[in-house]
Amino acid sequence: MTPVRIALPAHLRNLAGVEGEVQVEVDGPATISDALDALEASYPMLAGTIRDHESGERRDFLRYFTCGEDISHHRPDTPLPEPVVRGERVFRVVGAIAGG
Amino acid sequence: MEGVRILVGTAKGGFIITSDRSRRDWTVDGPHFGGWVVMHMNGSPMDPDRIYASQWTDWHGQVVQRSLDGGRSWEPMGNEFAYEGEVGTYRTFDGSPAPWEFKKVWHLLPSPHDQDTVYAGVEDASLFRSRDGGASWTELPGLRTHGSGEHWQPGAGGLCLHTILLDPENPQRIYVAISAAGAFRSDDGGASWEVATGGLESDFLPEPASPVGHCVHKMALHPSHPDTVFMQKHWDVCRSDDAGATWTEVSGNLPSDFGFPIAVHPHEPETLYVVPILSDTEHYPPEGKLRVYRSRTGGGEWEALTRGLPQDDFYHNILRDALAVDSLDPAGVYLGTTGGHLYASPDGGDQWQAVAEGLPRILSVEVQTVP
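Going down the list, the sequences are from chains A and B.
Numbers 9 to 108, taken from the numbering used here, label the letters of the first sequence in order.
Numbers 54 to 424, taken from the numbering used here, label the letters of the second sequence in order.
Simulated from the structure, these hints should not be mistaken for laboratory data.
Check before you lean on any hint, since a few could be wrong.
Here are a few chain B residues that face chain A, going by a calculated C-beta distance under 10 Å [to be verified]:
no.	residue
1	Gln108
2	Trp112
3	His113
4	Gly114
5	Gln115
6	Val116
7	Glu128
8	Glu133
No residue lacks a Cβ here, since even glycine has one placed at the ideal position from N, Cα and C.
If we strip away everything but chain A, and leave its shape as in the complex, we get (with noise of 0.2 Å):
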């Protein structure tokens, strides 16, 4: 099991209940969609409200970034950078600059 460190937007993390980042154990290569799956186990609340409930992919307002990087058009397959697998970075899900 891999440890993530995920930080979540203002209203994610009140819907969750949680203050700051969180910490899910993440199975296998620890992908993007692994992820946001081991997150929705931990907060069943999250489902739908990052990635839609019928097609899975992620909402377009929200984006992914990690290690200085924009990954939110990456395939969902795709691994996270070592950084974030070895718990020294953070995979951040951010709500875009769409107005307030």
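Once you have looked at the hints, place chain B on chain A.
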């Protein structure tokens, strides 16, 4: 101590506002779900402490919350609204076809017959039902697949199912309204649906008396006369005395027959309330005066209610779900504005007071009588 609880959905959260039965001093609690769009909150007629809330944002989509303690604590419930089978298409603004896609829940209606049954009216227009207190949702697809769906079109707010009316004596009868598809009635618990728009005319349609395509803004009925339904249409206030089969215009002497909400007095089945808005391009009241109009004749003859409401320079809208009545005697009437003002009248509309004046844009107002 008996009192009322107002459930206010706003563009930036939900508010719960309480008073004793005098309805003069108010306590504002909130925002709940601050920052989220709270489309609607509604309580169970069987247990007023059981409240459901529809919250939504562009970023994260739909969330449904439930409280079992009158709004003190909340629990996220099921938020998956999947259409059954082939979704089909409706008409977009330019008339071209678009596939149904779930966007958000506009209206939640807990059943008066079963505590764990809740209805949800959604965009793109369809009716969903939960039988497990909101944990999971199943579409009643007979409405969307009624056969007229390819002619439905969105109003400015989207293709939304915003009104659900249940017959208190006949659990098999359901009325719904959709902008801009019209009104529909089911007599078999939502399995099959009939168009309920006879006599309606809308000049924006190629055929003004078409069965579908009408932009119905809201419908209301009195529980003691469930065959009589009142409607605020895009233009025109109408009534039907045959369960929606035929409609008659009752706009009468209103200063404008454009508006969004309509409500029926809880104890007088022929007493109605509307809030006229100048037009479909000028979404504010005529003359800058916020006036609720009351008819005690089931429509046709209307009187302006103004005491305590702003009569100068008022240029906000009152949305379709933002007018409510309580069940006390005398009856309370409540309205919320897009400017974040919430007004209440404890005497059927004669006198009004501001309950709150700085809330976010108000999308919906419901009121419960609590023991």
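Cross-check of the supplied hints:
1. Annotation: interface hint on Gln108 (chain B) holds; nearest CB of chain A at approximately 9 Å, less than 10 Å.
2. Evaluation of the Trp112 (chain B) hint against chain A yields a held restraint, the C-beta minimum of about 4 Å falling below 10 Å.
3. For the restraint placing His113 (chain B) at the interface with chain A, the shortest Cβ-Cβ distance is roughly 4 Å, inside the 10 Å limit, so the hint holds.
4. The criterion of a C-beta within 10 Å of any C-beta in chain A is met by Gly114 (chain B), whose closest approach is roughly 6 Å, and the hint holds.
5. The beta carbon of Gln115 (chain B) is positioned within 10 Å of a beta carbon in chain A (closest approach about 7 Å), and the interface hint is therefore held.
6. Proximity of Val116 (chain B) to chain A holds as hinted, the smallest CB-CB distance being about 6 Å (cut-off 10 Å).
7. Annotation: Glu128 (chain B) was flagged as interfacial toward chain A, and the flag holds, the nearest CB pair being 9 Å apart, inside 10 Å.
8. For the restraint placing Glu133 (chain B) at the interface with chain A, the shortest Cβ-Cβ distance is roughly 5 Å, inside the 10 Å limit, so the hint holds.
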